[in-house]
Every structure is written in C-alpha cells, then in structure tokens.
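Colleague: Spelled out, the chains give:
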Amino acid sequence: MATPATDAAKKPMDLLRFATAGSVDDGKSTLIGRLLYDSKSIFEDQIEAVERTSESRGDDYVDLSLLTDGLRSEREQGITIDVAYRYFATPTRKFIIADTPGHIQYTRNMVTGASTADLGLVLVDARNGLTEQSRRHAVLLSLLRVPHLVLCVNKMDLVGYDQEIFKKIHAEFTSFATKLNIPDLQIIPISALAGDNVVNRSENMDWYEGPSLMHHLEHVHVASDRDMIDVRFPVQYVVRPKSDEHHDYRGYAGRVAGGVLKKGDEVVVLPSGMTSKIAGIDLFDTEVDQAFPPMSVTVRLEDDVDVSRGDMIARVNNAPTPTQDIDAMVCWMTTAPLKPRQKLAIKHTTRTGRVLVKDIQYRLDINTLHRDQEAGELGLNEIGRVQLRVTVPLLADPYSKNRTTGSFILIDEATGVTVGAGMING
Amino acid sequence: MAEPDTVATHADYQLSQLDQLEAESIHIFREVAAEFEKPVLMFSGGKDSIVMLRLAEKAFYPAKIPFPIMQIDTGLDFPEVIETRDRWVNRLGVKLVVASIDDAIANGIVVDDGKTSRNRLQIGTLLNAIEENGFTAAFGGGRRDEEKARAKERVYSHRDEFGQWDPKNQRPELWSLYNGRLHAGEHMRIFPISNWTELDVWDYIRREGIEIPSIYFAHQRRVFERDNMLMTETPLNPMREGEVASERTVRFRTCGDITLTGCVESTAATLDEIIDEISMARLTERGATRGDDRFSEAAMEDRKKEGYF
Numbered sequence: 004m005a006t007p008a009t010d011a012a013k014k015p016m017d018l019l020r021f022a023t024a025g026s027v028d029d030g031k032s033t034l035i036g037r038l039l040y041d042s043k044s045i046f047e048d049q050i051e052a053v054e055r056t057s058e059s060r061g062d063d064y065v066d067l068s069l070l071t072d073g074l075r076s077e078r079e080q081g082i083t084i085d086v087a088y089r090y091f092a093t094p095t096r097k098f099i100i101a102d103t104p105g106h107i108q109y110t111r112n113m114v115t116g117a118s119t120a121d122l123g124l125v126l127v128d129a130r131n132g133l134t135e136q137s138r139r140h141a142v143l144l145s146l147l148r149v150p151h152l153v154l155c156v157n158k159m160d161l162v163g164y165d166q167e168i169f170k171k172i173h174a175e176f177t178s179f180a181t182k183l184n185i186p187d188l189q190i191i192p193i194s195a196l197a198g199d200n201v202v203n204r205s206e207n208m209d210w211y212e213g214p215s216l217m218h219h220l221e222h223v224h225v226a227s228d229r230d231m232i233d234v235r236f237p238v239q240y241v242v243r244p245k246s247d248e249h250h251d252y253r254g255y256a257g258r259v260a261g262g263v264l265k266k267g268d269e270v271v272v273l274p275s276g277m278t279s280k281i282a283g284i285d286l287f288d289t290e291v292d293q294a295f296p297p298m299s300v301t302v303r304l305e306d307d308v309d310v311s312r313g314d315m316i317a318r319v320n321n322a323p324t325p326t327q328d329i330d331a332m333v334c335w336m337t338t339a340p341l342k343p344r345q346k347l348a349i350k351h352t353t354r355t356g357r358v359l360v361k362d363i364q365y366r367l368d369i370n371t372l373h374r375d376q377e378a379g380e381l382g383l384n385e386i387g388r389v390q391l392r393v394t395v396p397l398l399a400d401p402y403s404k405n406r407t408t409g410s411f412i413l414i415d416e417a418t419g420v421t422v423g424a425g426m427i428n429g
Numbered sequence: 032m033a034e035p036d037t038v039a040t041h042a043d044y045q046l047s048q049l050d051q052l053e054a055e056s057i058h059i060f061r062e063v064a065a066e067f068e069k070p071v072l073m074f075s076g077g078k079d080s081i082v083m084l085r086l087a088e089k090a091f092y093p094a095k096i097p098f099p100i101m102q103i104d105t106g107l108d109f110p111e112v113i114e115t116r117d118r119w120v121n122r123l124g125v126k127l128v129v130a131s132i133d134d135a136i137a138n139g140i141v142v143d144d145g146k147t148s149r150n151r152l153q154i155g156t157l158l159n160a161i162e163e164n165g166f167t168a169a170f171g172g173g174r175r176d177e178e179k180a181r182a183k184e185r186v187y188s189h190r191d192e193f194g195q196w197d198p199k200n201q202r203p204e205l206w207s208l209y210n211g212r213l214h215a216g217e218h219m220r221i222f223p224i225s226n227w228t229e230l231d232v233w234d235y236i237r238r239e240g241i242e243i244p245s246i247y248f249a250h251q252r253r254v255f256e257r258d259n260m261l262m263t264e265t266p267l268n269p270m271r272e273g274e275v276a277s278e279r280t281v282r283f284r285t286c287g288d289i290t291l292t293g294c295v296e297s298t299a300a301t302l303d304e305i306i307d308e309i310s311m312a313r314l315t316e317r318g319a320t321r322g323d324d325r326f327s328e329a330a331m332e333d334r335k336k337e338g339y340f
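Protein sequences appear in the order of chains F and V. Everything in the first sequence is counted per this note's numbering, starting at 4 for the first residue and increasing by one. Everything in the second sequence is counted per this note's numbering, starting at 32 for the first residue and increasing by one.
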C-alpha cells in the first residue's frame, strides 16, 4: 500500500467541475473566497483591489463576493448577474467552480452552471434551516443529473455548533432528497467564516465524523459517472489533408460521448446504417489503442463509407434509434413564452435542425414538484415537459443515460439567441 | 457481437486534467471550423496564443490548420516574439495576415492623438481587419482566470456589428453545445482555452516541448522602474525625468506592447524553474506586469466592451 503522498506524486492531477448555488446571505461568496484563499488561488493584487473597493464603499468588512462579481454593473448594484467561473487546485485535483447567482435569473443561470458540473454544492444557513430556495437548488441539480450533491449547513458557529440543529436539517433534507435523483449525497456542517470543516476537520464539532468539504471535493469519485459501455461518437469534422504525404487519409474527428472505441471494432454509422470496422484511432500524430469520454480523437474506418458532420459512429448492436419525435424536459430562458406550434432551431450533439413544438404537457413547479397540466406555455425560467417534432432524425439517448447525447439547445431563428435547454426523457 | 466490451475498471480510463482541457479545446476548434464560414486565429505571439496554435495543429492533423492566423502589428512588438511567430508559421504552413496599426493610422481608420496608447488603437485596427477580411469567428487566447471580466465571458462570445461585447446580454452556454448563430456583419470571438489557468498553460508548454519567445526566460536586460513595474529601456518608450536604467536579470510573464509590458526580476531560465516560480507567485500576471489593466478595476471590461479581446 503506497502512502498517500507518493500516491499523489504518481497520479496525474484530475479535474472536478462543480456548481455552487445559494444567495449572498448564505455565505456562498465567503465559502468560495475561503476555498480560493486557502488553496492559495487568490493573489495579493486581487485581495488588495477588493480591499480598496470595500473600503471606498464604506463596508465594515472585506466583501469577498467582489472577487467573483467581475462586472461593473454587478459591483455597482451589489448583485451577481451571471455565472462566473473560478479556478483553484490542490496537489491532486484541479477544480472549476461555476458560481451561480442565487436570485436574479437563478433558473437560467443554475441550469447553465449545472449542465457541465460533476458535483453541486448547495448552502443553507443553519439558523434558517431548509428554505424554498435550497429545495429549488436541489431540484435543479437533480433535474440536470448532477451526480454528486453536497449540502453545506453553514454558519454553525452562529448556532453554537449545535448537533441537534444539524441533525434536524440533515433529516429534513435526506427525506426531501428521496423524491429526487441524487445518486450521491453528502451533508456537512460548516462555518465558512470561521473555517470549520472547510479545509480542516472542525474541533468545535467533534460529533461530526464525516469529511471536511475540501477533503470531500478532493476525493469524491467522478470517473465512473461516464457511460463507458455504450459507444457514442458524434462526428464533428471530416479530416482530409489533400496533401501528397497523406493523400488517402480520411478521418472522422470528434469527441467521444460514450463507451470505449477500439481498433478493429465493428461499427455502424448513423443515420445511414452502413457498417464498417475501425481501422485506427489517431490522437494528433500518434495512433492510440482506444478512445473513451471525454477524449477528442480522429477515427479512421476500413471501408470507404459516406460519413459527414452530424453523423454518429456507434456499435452494431448498441446504437440509438434515429427519431424525429422528442419528449423532453425544457428549461425556457427568454421573456417571450414557449408555445405550441412554435418553430425553433435545435442543436443536438453535432447535428442541427428545426423543431416544431407539438405540445406542452405540463409545467413543473420546482418548489413543490407539482405538474401543472393546464399551463399551456412556458415563461422565462420555467421548466416543463415538451413534445417536439424535428426536421432531421436525432441520434439521441435519454438524458438519464448520457448527458451529452441526451441534451440539446433551442435557438430562436430570428435573433439567433439560445432560448431553451432540453433534456430528453426515456 | 452483442457482448459489451470488457471494460476493466474505470480507473484505467482516467484522463489527466491537462488532457481533459486539451480535449475540450480541440473540440471547440473543430466545432468552429465546421460551423463558421471564415474563422481566423488571433495571434499575439504570447504563450497563450502559441498554445492555441499547438491545439489547432492537433485538432486538424494531418491536415493543415484550415484557417489563417492574424496578428495586429503594434509597431511596438518585441523582436523575439516576431521571430518565434515566423518559425511557427513556417513550420505549420499556415497563412499569416498582419494588420498594422501604422497602416490603420495612415488610412484614417484610427486616430493617433498622441495620448491614446497603442493598446487602445489596437481595437479599431482589429475590428477593421475583421470586417475587411470578412472574418466571422476570431479565436482568442483569453482565459477566465486572468481577470474578473473574463471570468463571466462565454467560450463563444457574441459581438454585434460594432464589434461590441454586451456582458449583460450574453447567450446562455450549456453542456458543450455552442451556439454560433450570427447576423450579417456580426462576428464571434472564440476562447478555446477559457478553462485553462496560467499554470496549465505552462505545464502544457513543458509537456509538449514547444517553442515560446525567449523573453519568457531569464535574461539580462536594461530596464527602468515605472509605476512599480520594470520597463525595457528602448527609444520607443522614452524615459521620464528621474527614471534610471540599469541592467538586471529579468523575464516577462506576458507578451504585449513593449511600452506597457513590464518584466519581473527572475533567474528562472528553464520551464521547470518558471513553473516553480509561478506556483509561488503572489501577484497575477496582469496585475504584476500589465500597465494597460491597472488604470481602473474595470479597465479590461471597458476595453472588452469596445471590442478588445
């Protein structure tokens, strides 16, 4: 058994993307500020700039949210407008935080931040317990199939590190979570301000036997969240050098969305249904034995079959059925409501087409999980179950099976703006 | 054939974070090449744009990079940077477009009032070059860890027909589904290395063993102090009263306009030493050595809104 130290030295650093949710009052900025500060990811000139601004505004303390609120209008209004990405690293892992604002446009921003997250971090104030907002955040993370959730019960210092208060919130949230899809849940009592259980285990809460937040973030196992069984390779770009040196080279470039591709595998190209074998997989100037998510590679086939952007390479007996009828949960992101009969553009993996909204089955109330079947339309920041008819067959999987081949965006054809995010049911 | 492949354990299928970043960036390059009519790669000669060139090389190999690269010639570029650029261009066989600020001034596209920095004159020169060449997508080497305004910028950053960025009206960007829709006259700025940090860029340069301009490594240079930065002694940047030049061992952390880009005292002469130094650094690269970002807390945001990267 190797010691952790030598282990860390040998293992290449991996990556964890997490989304944070909560309002300023929950101490989210303080927590992020502490994670960045304690991992030495904040530089002196950044701290000094924040100190200067805090002082000139007459704040009593250094407002760490100024570190993340980058835009002038945000600082002026004291609110966070948009998702901000922050970075820090420990010796074993690099972290990308999608920091999403708690109130303004929270659904749109949280859905955006959660779409790429491996883990979601929700904060509650120990004094207030679970609020409507914390439930909402958990619902959105579950809807986006973020596989790991951490609930931080913050400000434990302000309730005298009382175990009973933590136990009550713990029980309440655990019972609520059974209604959601949360494969992995960790609940941690912390004080972001005092540093309890953030990086180091707290001496003030010896009754808590779990990991500190940083320890959990460093060790949570995310590699197995990918679908390593079902081969899905959406073709992005056809590489044809047209040079003397590589005269006959024809490769299909893309990013593996699922499964493991190997040289010699029998594959099918969708939607045409033509079959061939993998002649080789190239990563720049080297041939690799296999490719798996999220690698970007170039696949060569043995036969001269017709393959272009938007096609998908899958295994002969394990391929999605091309379909033009889509049943999905859609998050609507613009002021003009989504209505039946509306036409929009769609982008799904590397495929684009047009869609007709056939039906809005129900609107989901993300506070109560109630399904309103009379809604008829979806307004800004609302989520509902929608039936779509697509002009081209999509090579899709249920979102619950594959977050890449199960997701799509909807685009307003007149403005070109992204107006909806969809997750395919099934 | 119905057998699912014998997937050993997931542990065998781990990608290091640098490989994951590379895969994401390559995905973005290919997406843009497939969906945009006329992309261009903005090349400053700095380490970030060299990493971009390397990623583009990998994305389309063994084909050549299917778009030109463009440099804004400020007339104040470090000669070492131009030399490195030319070696990369020759090796890759890629087309180079140079848009010169002096030409832009001569043609009345931008006005040199003697007070405006070359950095600001770059904006008009760049926008004009994009318009004249009909470029619909321009790759830039901006990273979100560089500066607060950049922390909120999309990978696909939409610019209106005036080349302006509207930070409050950005398109939501979900999963890895990028929306490249444009109206006539608009263009997109593309940031494939958004999620890289300064340290990632250096780690990647070391891993790939690629050439960067020599000014990044410790060397002897005659410098003088201005605004707590060490500036190069050069006729392009006359010294003011009280400023004294001396020879010191220095290196640059960023590559920009020679009159605005300061260096730091350093003996880091190898990539290993640079990476050690960066890991210990207490100042951001821009805060330490970029005069252009120091004027106000929102300096970068203001320039970005006007069309700077």
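Simulated from the structure, these hints should not be mistaken for lab results. The structure presented is a predicted model; accordingly, all values stated were derived computationally and were not measured. For each residue, glycine too, the CB sits at the ideal point set by N, CA and C. Treat the hints with care, as some may be off.
[To be verified] If you anchor each label on the Cβ, the simulated ranges turn out as follows:
| id | chain 1 | residue 1 | chain 2 | residue 2 | range |
| --- | --- | --- | --- | --- | --- |
| 1 | F | Pro-15 | V | Asp-104 | 37 to 47 Å |
| 2 | F | Asp-247 | V | Arg-257 | 28 to 38 Å |
| 3 | F | Gln-376 | V | Arg-237 | 56 to 66 Å |
| 4 | V | Asn-164 | F | Arg-204 | 57 to 67 Å |
| 5 | V | Thr-280 | F | Leu-383 | 51 to 61 Å |
| 6 | V | Glu-163 | F | Leu-383 | 51 to 61 Å |
| 7 | V | Gly-145 | F | His-249 | 31 to 41 Å |
[To be verified] Some, not all, of what chain F presents toward chain V, calculated at C-beta under 10 Å:
| id | residue |
| --- | --- |
| 8 | Gln-189 |
| 9 | Ile-190 |
| 10 | Asp-288 |
[Claimed, not checked] Calculated pairs, DSS-like style, for lysine-lysine (alpha carbon to alpha carbon, straight line, at most 30 Å):
| id | chain 1 | residue 1 | chain 2 | residue 2 |
| --- | --- | --- | --- | --- |
| 11 | V | Lys-146 | V | Lys-69 |
| 12 | F | Lys-245 | V | Lys-126 |
| 13 | F | Lys-342 | V | Lys-199 |
| 14 | V | Lys-95 | V | Lys-69 |
| 15 | F | Lys-346 | V | Lys-95 |
Colleague: Next, verify each hint and record whether it holds.
Modeller: Each hint, compared with the structure:
no. : hint                                 : verdict
1   : F:Pro-15 with V:Asp-104: 37 to 47 Å  : holds, 40 Å
2   : F:Asp-247 with V:Arg-257: 28 to 38 Å : violated, 54 Å
3   : F:Gln-376 with V:Arg-237: 56 to 66 Å : holds, 59 Å
4   : V:Asn-164 with F:Arg-204: 57 to 67 Å : holds, 59 Å
5   : V:Thr-280 with F:Leu-383: 51 to 61 Å : holds, 58 Å
6   : V:Glu-163 with F:Leu-383: 51 to 61 Å : violated, 39 Å
7   : V:Gly-145 with F:His-249: 31 to 41 Å : violated, 52 Å
8   : Gln-189                              : violated, 20 Å
9   : Ile-190                              : violated, 26 Å
10  : Asp-288                              : holds, 6 Å
11  : V:Lys-146 with V:Lys-69              : violated, 35 Å
12  : F:Lys-245 with V:Lys-126             : holds, 17 Å
13  : F:Lys-342 with V:Lys-199             : holds, 26 Å
14  : V:Lys-95 with V:Lys-69               : holds, 15 Å
15  : F:Lys-346 with V:Lys-95              : violated, 39 Å
Against the hints set out earlier in the document, violations occur for numbers 2, 6, 7, 8, 9, 11, 15.
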